[in-house]
Amino acid sequence: MKNINRFYIKIKPIIHTISFNLNLHAKIFIVFMGVIFFQLFLFSYFLYYLIPNNVLPRSIISFYDFNTGMLYFYLIFSTSTLFSGVICSEFRNKTGFAILPLISRNNLILGKYIANLILVIGLVAIYYLVMVLLGYNFYGEPIIFRVVISFGFCVLYIIAVSSIVTFLSSFMPSSASIIIVFWFFILFADRIIYITFVGITNIEPLYSLSYLFNIIPAILYPSFPEFRYSVVSTGNSSYTNWFFPNVGGALSILIIYAITFFVLVFPIFKRRK
1 MKNINRFYIK IKPIIHTISF NLNLHAKIFI VFMGVIFFQL FLFSYFLYYL
51 IPNNVLPRSI ISFYDFNTGM LYFYLIFSTS TLFSGVICSE FRNKTGFAIL
101 PLISRNNLIL GKYIANLILV IGLVAIYYLV MVLLGYNFYG EPIIFRVVIS
151 FGFCVLYIIA VSSIVTFLSS FMPSSASIII VFWFFILFAD RIIYITFVGI
201 TNIEPLYSLS YLFNIIPAIL YPSFPEFRYS VVSTGNSSYT NWFFPNVGGA
251 LSILIIYAIT FFVLVFPIFK RRK
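Going left to right, the sequence shown walks through residues 1 to 273 as full-length UniProt numbering numbers them.
Don't read these hints as lab results, they were simulated from the structure.
A quick note: this is a predicted structure, and the numbers were derived from the prediction, not measured.
Keep in mind that the hints are not guaranteed to be accurate.
[Said to hold, decoys possible] Below are the BS3-like pairs computed for lysine-lysine, each with C-alpha atoms no more than 27 Å apart in a straight line:
| # | residue 1 | residue 2 |
| --- | --- | --- |
| 1 | LYS12 | LYS27 |
| 2 | LYS270 | LYS10 |
| 3 | LYS12 | LYS270 |
Build out the structure end to end from the sequences listed, making use of the hints.
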């Protein structure tokens with residue numbers, strides 16, 4: 001019993017930080033949730049009723065594929081928005097320099113990170129739930145197992161991306177600069193690196209965040225992991241066009257990203273002046 005009490009005393013500041021940040025970002029959560037409902041009902045419900053020639057996808061899996069594919073920029077936007085201020089906001093508000101008597105800096109960052117993680121994963125869970133309900137409305141019984149696996153990879157992807165954004169927050173000056181840099185990387189740098197390395201080496205681009213995301217819709221298909229790539233011939237040369245990673249590759253790299261960047265956060269945060 002004493003051990004349980006000691007453990008509770010240690011995690012109590014983290015729990016309070018989580019609760020505080022969940023309440024702090026409640027309005028942002030509601031806004032993002034509104035965007036989810038608007039997007040799903042507009043593109044996956046009303047268009048099929050309002051436009052007579054707009055034909056439904058031929059199967060429930062194609063319907064899921066279409067909707068999970070739309071998640072990419074939504075995930076990047078929500079994650080970069082919520083996690084960009086995890087650390088740099090503490091220095092902007094001068095709390096990063098303070099020695100707080102009730103909570104350590106590490107517990108503060110951990111609590112804020114977990115709270116934001118709960119918010120983003122909660123939003124994605126709502127997205128998947130609404131998607132499944134819409135699929136049931138159009139096609140009948142949903143394919144729960146594959147949807148759950150896809151959701152699991154989506155959660156792991158969120159953890160990896162949030163770790164990278166939190167890492168940037170540990171040394172960059174403001175949330176705005178982090179969002180700009182991260183979006184530039186996602187929209188331009190990631191794609192340029194992908195095209196360059198694939199064209200030169202033919203190595204599977206497991207380093208690419210956009211490529212790793214592709215497993216989320218791809219794993220919904222019964223044929224997965226077939227048709228992962230195609231070989232394209234151009235004159236006297238050829239290159240491999242990769243579509244999505246396998247389970248082992250995606251799992252390994254996402255875990256490496258999540259652990260590596262999150263571990264690097266704490267020493268940088270401690271040394272920041």
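When you check the alpha-carbon spacing of LYS270 and LYS10, does it fall within 27 Å? Holds, because 20 Å separates the two Cα atoms, which is no more than 27 Å.
Does LYS27 lie within 27 Å of LYS12 when you go C-alpha to C-alpha? 25 Å, holds
Would the pair LYS12 and LYS270 pass a check requiring their Cα atoms to be no farther apart than 27 Å? The hint holds at about 22 Å.
In terms of the numbered hints stated before, the structure departs from none.
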